[in-house]
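**Student:** Build out the structure end to end from the sequences listed, making use of the hints.
So the protein sequences, as listed, match chains A and B. One point on numbering: in our numbering, the residue at position 133 of the first sequence is 133, and numbering is uninterrupted. One point on numbering: in our numbering, the residue at position 350 of the second sequence is 350, and numbering is uninterrupted.
Check each hint, because a few of them may be wrong.
[Stated by the list, open to error] Just a few of them, taken from the derived set where beta-carbon distance is under 8 Å, the chain B residues facing chain A:
(1) G46
(2) A50
(3) T54
(4) A326
(5) A438
(6) Y439
Just so you know, the hints here were simulated from the structure itself, not pulled from any lab data. Each residue gets a CB set at the ideal place from its N, CA and C atoms; glycine is no exception.
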Amino acid sequence: MSQKIRVVIAKPGLDGHDRGAKVIARALRDAGMEVIYTGLRQTPEQIVGAALQEDADVIGLSILSGAHLHICPRIMELLKEKGLQDVLVVLGGIIPEQDIPSLNEMGITGVFMPGSPMQHIVDFINKSARARVEQI
Amino acid sequence: MSTVKTELEKTAARAPQERTEPFRTISGRPIDRLYTSEDVRTLDYGRDVADPGTFPYTRGIHATGYRGKFWTMRQFAGFGTAAESNARYKQLLASGGTGLSVAFDLPTLMGRDPDHELSLGEVGKCGVSVASLADMETLFEGIDLAGITTSMTINSPAPMIFAMYLAVAQQQGASWETLSGTIQNDILKEFIAQKEFIFPPRPSMRLITDIFQFCTQQVPKWNTISVSGYHIREAGATAAQELAFTLRDGVEYVQYGVEAGLDVDAFAPRISFFFNAHSDFFEEIAKYRAARRIWAHVMRDRFHAKDPRSWQLRFHTQTAGVSLTAQQPYNNVVRTALQALAAALGGTNSLHTNSLDEALSLPTDEAVTIALRTQQILAAESGVSDVVDPLGGSYFVEKLTRDLEEEALAYFDTIDRMGGMVAAIERGYPQAEIAESAYRFQQAVERKEQVMVGVNAYVQTDETPIDILYIDDSASAKALAQLEALKRRRDGAAVQRTLAALKAGATSGVNTMPLLLDAVRTYATVGEMCDALREVWGEYEEVPII
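**Tutor:** Next up, the structure:
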């Protein structure tokens, strides 16, 4: 397999709790992916902009603040606008169970709760993003 | 090896065979099977331990411990609108809570109004929305500020929020002379761990020393700062790093206060601390004892404080949110109880116990009640409040206390050589240490070297989700409407005048508190006041360290 999977890890909104995002970024890097961490307090526009600029295969969002149902639709909308609908979007953080169907419906199938093993996330991305990378 | 331990090895050879795993605390510190008098050979009771209420306060700052004064049962709370949180506070006080603790939402914490673009979806979600004095009035409606103590977890906009609280107190007729409470106001740990910074480090430190100065003159019973390790620990630090970085932050604040011209004994007695109560039971108890000893020496020997109250470390504790699981959430009641016990055995002066649904959402009323009852059971039924420092003299605990102290002091040396904590932060030093510890911990969990019941052991695949508090967007709609109405009825010209004066004062170096009080009384908003200062000082942007 030639190409490394390119992942943008982002902290959208005002939340500054970045332990999870940083640990996952490092785990993905250790698993052989190319990882770009955007840093804190990114708007959906900035995140999609970074994905475009970095030619990302995956966007990983970390949201612990409860703002996911505002942020995620906006990101999915912008990705579509920019022709980036093939980018895999995964989400981690504090997400109520009852919100997961809405997130799935908007195209976010990888939603990772607290306690998710890093390996599950690596495997999910490898499986789902790899398929997309190979399609191109 | 000593003869005692050689004999021990012979006895151990006949005992059931030991597990072979490396035996370490959750922080990675190796621990022995047994501790004996050998391990504390050089410990001197009078010099190192001493009675409670006696320098260096290892055993506690009060001679009578909890017999004289129970720890304050101070449950952190806040969500939605000020009216909703006001109801929760009244409920907590009616249930036996003995102090208030305010959680603000992210827009408030970040100095943004509810109508700012970045506030979308965030209003009232993680705490209460407070945009102006009007919200603060509602938040404490029917609560007598003269009769309680309130802790407010606010950092970058602490001066604005504190000014609002003072204004409400004044409206109620409560005297500032006797007003008591705490503002967290600890910006260094924001740069290190919690990341709720706005302005760059140096102007941020100036805002803090302004508050030190203002309170020494006008609000003498107020705890001007709660130097925090909780967030540093939650971000992934070990116990030793939590201890070291927190206390070294404290040193930095005292240094800046002294350099601002204050007499150390005028403000140091009102410095307070805030620690985590994590899962490794004995390590936590030792950490609190080491903290008191280190601080006593720092204040007497490094800063030459003369007032014993300057030497006495007072602290609030919160049980470790990061240790609680989304899986099998009722297990969290047990975790919280053990952590609260460690805090009590460590002599905490104030305690918040997390709710069982911590990893899922803000707590339901039922979960909050169980958390409060946990403290009440601890205080009333376990006997721990009847003896001061009951584990004092334990070979293990005294050895651990000393080991943690030494490790913390080594970090002090490193940071001192870098030029202090602000300099260390600018180099990314504590941030890098924490990122490394966080990653190592996660790897340990992945390898099952660190067991987390329900997560990587004793997993249940058929769990029924529990009911959680679902915070919707109704608070946002209300907050926006209130803000709009406020802007229509207030004197806009007066607001602008006070904001201009604030900017001028920020530039000229006068104390910002009187200017903020003026602004707050015109119903200037948190966003407006912070934006005024953003114009003067700019915003801090961190270089992320993974």
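**Student:** What hint numbers does the structure not satisfy?
**Tutor:** Of the numbered hints given earlier, those the structure breaks are 1, 2 and 3, listed in rising order.
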